[in-house]
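Visitor: Going down the list, the protein sequences come from chains A and B. Anchor point for the first sequence: position 13 equals 13 in our numbering, and the numbering is continuous, going up by one each time. Anchor point for the second sequence: position 3 equals 3 in our numbering, and the numbering is continuous, going up by one each time.
It is worth saying that the hints were derived from the structure and are not from the lab. These figures come from a predicted structure and were not determined experimentally. There's no promise every hint is true.
[Unchecked claim] Reference listing, derived: stretches of chain A covered by chain B, where coverage requires no fewer than 3 residues with Cβ under 8 Å from a Cβ of chain B:
id, segment
1, 21 to 34
2, 37 to 43
3, 291 to 300
[Claimed, not checked] Ranges between beta-carbon positions, derived for each pair:
id, chain 1, residue 1, chain 2, residue 2, range
4, B, Gln-44, A, Phe-33, 16 to 26 Å
5, B, Val-8, A, Thr-73, 31 to 41 Å
6, A, Glu-66, B, Ser-60, 37 to 47 Å
7, B, Trp-10, A, Glu-177, 39 to 49 Å
8, A, Pro-187, B, Leu-63, 51 to 61 Å
9, A, Trp-290, B, Glu-32, 14 to 24 Å
10, B, Ala-54, A, Pro-11, 40 to 50 Å
11, B, Val-8, A, Glu-255, 24 to 34 Å
12, A, Leu-20, B, Ala-54, 37 to 47 Å
13, A, Gln-98, B, Glu-32, 44 to 54 Å
14, A, Gln-98, B, His-36, 40 to 50 Å
Just so you know, even glycine gets a beta-carbon here, dropped at the ideal spot from N, CA and C.
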Amino acid sequence: MADPRINLKNPNLAALLAFLIPGAGHWYQGRCFKAVIYSVCVLGTFCWGQAMAEWKGVYFRWQDLEGRDRFRTRDRTIGYLSQALVGLPSLPALVQWQRYPSNDADGRDFSKLDTPIDAPFEGFAKYEAPNDSWEGRISGTLQLAVDDTGPRGFGPEVRGHFRGIARIETPGAAAMEVEKEFDLAGPITIAPQVLGNGNVTITIDGKNRAKEYSSSRRYVRSRIVTERGEFDAPVGEVEGTIPRGFWDWYQVPLEEDAVNEMNRRLGGKRYEIALLFTWVAGLLNLLAIWDAYEGPAYGYGDEVDQPDGQPSTAPPATPVAAAVTATPAPIS
Amino acid sequence: MLLGVQNVLWYLLPLAVAISLVYSASRFELPERILHRATRLFLQIVLFMGTIFAILFVLSDGL
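Chain B on its own, in the form it takes in the complex (with noise of 0.2 Å):
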């Protein structure tokens, strides 16, 4: 239920995306490092606010 009803917060995943490319990107100019670091840099976002997100859904719970 919370995948669905949540569902607007999934387009920030291809933004993460996103970010996470150019941002490399603009950091390195080979392939395999932009894309490595990439897929670090974006995993980190995932992490940090999914861990936000589940801070906050905690503190909400019952609210």
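Chain A on its own, in the form it takes in the complex (with noise of 0.2 Å):
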């Protein structure tokens, strides 16, 4: 029972508000300075570990993995069960749940190209044309669609465009920049739109070019060709990434070797502590969720100690001095 001085208002509402925003439901009831305390408190330990997991310690995964892997049989992020009780700063994590595109078996494909790209590009290409071969770092703008129909009526099929520069290094000269453009068509490699994966590693012509740890990146990959005839004559190869949304990313979950890159970059036990920062801020928010609900748990805090234990008693109603000079009443 909450002491009277406590105006809880409508407590249900008010729990449900110091779930969904940590402070947000004392500052409902008028109780302003443990709504600052729960605010900072939580949100803050919450961010915190965030940050240092690089905005990557909280997602939702929930499945069995039953003839899928040999070494598990489930694969479940207990520990979201307590981040989940931030409230809404962590509840996106379902939302890219139901978005990822690996909760079933057969849902990944790489060779599938979900929506038309046209945004930047990072990477390196190869090309190998009778008088024009060069290979380099690129830097542009990559277009790619699905071409329902086809050019050439053999159906659907992925092409694009890319323009942009690229640093041609040639042994023994200074590298140079100059303008490129060329048109590109399937078969693709594209990563997922939804996905929080791991590095990135670009290895045209079977040498590893650059490695790259972000799932903030998507990978592309796409044949370099020229119009010959009637078709299209593969003269070389681009691979690189193009940024991937920060929806497409943020709290989706997260490959298992995504987490071992993690772990292994950030060293130490640094990751775990992350973690820990998150789950402890939704264990805190509980205590602040059952409080905006019930009421501090000893009472309101003026309470008079009792020596050996006794239980706390209420101030006074009236001064000691008025008591003591008080006229008693008559025994009759």
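Got two chains here, separate frames each, mind docking them using the hints?
Guide: Next up, the structure:
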């Protein structure tokens, strides 16, 4: 039973608000000091943990792996049950789990282009036309789209275009930057739009050109083609990454290699401590939710402590001096 | 050297501050009582963790 001096207003609504945004329930009740404490401590702990984990410490995955994994039978992020108590800041993970392409066994396809692409591209290209051969790092704009009819009537085909700058390095000479423009055609390899991947390794021509860690970049590989009569002739290959939108990687379940990469790169126990922060934040908010619903557990805070573990008592309603000088009632 | 090598442990101090404040705030309503109680709880946590750390540090000496 809450102290009558505390106005809990509508406790159910306050608890809901406290769950959704730490501190909001107490703000609604007019308990602003506690609202600030809960908000700063819970959100601060949660965000600090997220920042330490490069904003990849909160995600939800709940699936059975029977017949899909030799070593595990289930893949469940138990820690999310605690993170979810922080409310809105962690709830996108549930939506991302639904959007995540590999939550069914065959849901991931690296050869499918879901939506047309027109994005800045960073990567490598190798071009081998009869009278023009070069290779090097390229950056520019990449366009890819599915041509449903196919340019030559062979059915749907991915086609595209690149325009940008190539940095061409030749042995014994200074690197030079030249403008390049060429056509692209399938088959392509492209990482799914929604993915929490680990490192991206660029391996044109069997050579590891670059390794990039980020789930905020999306891997793309395609052939470079030129028109020769009725057909396209492949003259090279382009491989690199395009940006992945914030909502296509944030709180998306991390791939196993991404978790390993994160542990290796951050070093020590940093990733575990980051997760610990987010878990503790959720558990702390549970206390705040209960406080919004039921009031403080021990009382208002001005109770007089009794010795030897006796229960605390409320302060006297009248001043002690007045009580001493009061005239005792006659005994009848 | 210990302070530098074990720097990840320093993250536990702000965590202890947050835990102390939120726990105390969930027990009482008066700001002065909350702050007083949180300070005491924080010191208890730090003392406890420091003691455990010291014991483990001594036991692991030479390993």
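Visitor: Which numbered conditions among the earlier hints are violated in the structure presented, ordered from lowest to highest?
Guide: Failing hints: none at all.
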